[in-house]
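> Each chain is listed here by its residues.
2 protein chains.
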Amino acid sequence: MELQEYFNEIVRNVDMEIQNRLKGDVKGLYEASYHLFTAGGKRLRPLVVVSVANVLGGDINRAYLAATAVEILHNFTLIHDDIMDQDTIRRGVPTVHVKWGVPMAILAGDLLHAKAFEVLSDALKGLENDRIFLGFSEFAKSTEIIAEGQTMDMEFENRNDVTEVEYIKMIEKKTAQLFSCSAFLGALISKANDYFLDKAKILGLKMGTAFQIVDDILGLTAEEKDLGKPVYSDIRESKKTILLIRALNEASESEKKTIMEGLGSKDPEKIRKAAEIVKNLSLDYAYSLAEKLAEEANRIIEEWDSNTSIGGKALKYLVELTVKRRK
Amino acid sequence: MELQEYFNEIVRNVDMEIQNRLKGDVKGLYEASYHLFTAGGKRLRPLVVVSVANVLGGDINRAYLAATAVEILHNFTLIHDDIMDQDTIRRGVPTVHVKWGVPMAILAGDLLHAKAFEVLSDALKGLENDRIFLGFSEFAKSTEIIAEGQTMDMEFENRNDVTEVEYIKMIEKKTAQLFSCSAFLGALISKANDYFLDKAKILGLKMGTAFQIVDDILGLTAEEKDLGKPVYSDIRESKKTILLIRALNEASESEKKTIMEGLGSKDPEKIRKAAEIVKNLSLDYAYSLAEKLAEEANRIIEEWDSNTSIGGKALKYLVELTVKRRK
Chain A
1 MELQEYFNEI VRNVDMEIQN RLKGDVKGLY EASYHLFTAG GKRLRPLVVV SVANVLGGDI
61 NRAYLAATAV EILHNFTLIH DDIMDQDTIR RGVPTVHVKW GVPMAILAGD LLHAKAFEVL
121 SDALKGLEND RIFLGFSEFA KSTEIIAEGQ TMDMEFENRN DVTEVEYIKM IEKKTAQLFS
181 CSAFLGALIS KANDYFLDKA KILGLKMGTA FQIVDDILGL TAEEKDLGKP VYSDIRESKK
241 TILLIRALNE ASESEKKTIM EGLGSKDPEK IRKAAEIVKN LSLDYAYSLA EKLAEEANRI
301 IEEWDSNTSI GGKALKYLVE LTVKRRK
Chain B
1 MELQEYFNEI VRNVDMEIQN RLKGDVKGLY EASYHLFTAG GKRLRPLVVV SVANVLGGDI
61 NRAYLAATAV EILHNFTLIH DDIMDQDTIR RGVPTVHVKW GVPMAILAGD LLHAKAFEVL
121 SDALKGLEND RIFLGFSEFA KSTEIIAEGQ TMDMEFENRN DVTEVEYIKM IEKKTAQLFS
181 CSAFLGALIS KANDYFLDKA KILGLKMGTA FQIVDDILGL TAEEKDLGKP VYSDIRESKK
241 TILLIRALNE ASESEKKTIM EGLGSKDPEK IRKAAEIVKN LSLDYAYSLA EKLAEEANRI
301 IEEWDSNTSI GGKALKYLVE LTVKRRK
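Protein chains in written order, with UniProt numbering: chain A, 1 to 327; chain B, 1 to 327.
These aren't lab readings, by the way, just hints derived from the structure by calculation. Since the structure is predicted, the reported quantities are computational estimates derived from the model, not experimental observations. The beta carbon of each residue, even a glycine, is placed where N, CA and C say it ideally should be. It is possible that some hints are incorrect.
[Unchecked claim] Dumping the calculated EDC-like pairs for lysine to aspartate or glutamate here, alpha-carbon to alpha-carbon at most 16 Å:
1) B:Lys270 / B:Glu295
2) B:Lys199 / B:Glu295
3) B:Lys316 / B:Glu2
4) B:Lys125 / A:Asp130
5) B:Lys141 / A:Asp122
6) B:Lys141 / A:Glu255
7) B:Lys141 / A:Glu302
8) B:Lys191 / B:Glu237
9) B:Lys169 / A:Asp25
10) A:Lys125 / B:Asp130
11) A:Lys327 / A:Asp305
12) B:Lys125 / A:Glu128
[As the list claims (entries may be wrong)] Not close to chain B: a few residues of chain A, all C-beta gaps over 10 Å, as computed:
13) Tyr34
14) Lys141
15) Leu197
16) Glu255
Turn these sequences into a full structure, and let the hints steer you where they fit.
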């Protein structure tokens, strides 16, 4: 089977499950909850869940359910993040709070959050008792960790002394944790042993960290039409990305001044000037970090699979995509 | 054991469990999550969980955990509701979004939501497989139903033709569902059979519906210091309570005009005049509704327990309190 066909099949099944799960009497609420799913998205996390399950011999239908739970959880966090960051565009469409107002967007996120647990419950049915609790606990803790990461991200906006170590800690929580949980669930429903479960978590963590670093890079380098949202918003919102942290460390006094003038500014020219300097001083470094993480992820995949299963090929492709993507 | 002592013991145990569960590195987030717990609250839902478990012979420590899960879930909904309703005071203290801002309040609610599932998971450990899934599914569905109820409540603010049937449906979702889930969990962890589980749900539903009706009454009749929040806020926010619906149905044309002038108004005098008419036309009716529901709840308690166990006495007292309370 071709890789693209393999991915399409997963996305089709997960999207169908999502659609079936998001039906209810209170129409406005379900429309708001379903909005971002219809606007595209890469479904990366579901692809990770199902591909890990493929490599480790898990049941495919159970994998689709776990993948659906993760994607629903992810979209809940997107809806709430957009409110907090006051972002107006995502995936090229108005964000939920722009279209339905903040109260409905809060409720839509809450609905998806609960729905994710409901779907997870179905994914875990039939597993052994201690594995069921392990699944629930990892899923709940992931959400808590994501909230911690998002809090750190916001707190960092008001600080100019954020270190690279703090940044990595923050994106591990905010972004990588859900990739980690995705790979873990793929392994859990495959009845993998504890050693494999731990390796799956690490694989997801490396992949997710690389993904966020590249996300931060693309926020400075991609075209608005590819990004699906305005460029340079990280500079405008004074987000402490690895690029900014590295650039501030490397900058001369005058460069530093230009960067600081752009941070949190409303002036497009000041923002652009700051962005240019940040790019010059940090791009190579940020890419090399992401590539190192990708290599580490690849080593785990190779330990599991010597390039024979479609799931193994899929995971290697996803790791490559994480670093090489342009949007 | 005296009833008050029995209740104190439950509250002490649940509060200790809540405190132990809400510790974490990201300080601001955990402080915001813990804020409302420190400001009092009646812990009614935990008392229901533990008392039902007492009547039906459930394990007390498991009951404390289930009660903690419910109380944490309840406080998550309060934090998010206060953002949506733009309420500034609850339990006599500033609401979370007033004290920490909307973004942190959204995250604090999300953290508590996930934490509730984590604690529930511990409460269900050791039960039979199908009962574990029943517990998770009821808990997740309850949150979805609460979100539906809150959506209806908001949608009703823009309508003047809400019927009594619609109101009851809305408060069953918004408020009574979590009482229903509380009684259900008390029965579930007691390994009750399906018949008892259903009865527990109905008991909670009746009690919760009565509770919300009386809540709406107190919003018009209580003193601000007892209420812990401003009086007449339902009139100011144009909330379609049973009192308003009944009053609009019974009012003369001139009374109707005065009521409509008060709804959503910022003028304290107009609000007060509207409130007086609403009270005159609806208080007896609303109380008689609440009392009827309380009687129905009592019949279920008497079916379970002929006034011998402390849990049975506690439940009867709680039903009475629901209707007779003054704050």
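> Output the indices of the hints that this structure fails to meet, ascending.
1, 6, 7, 8, 11 and 14
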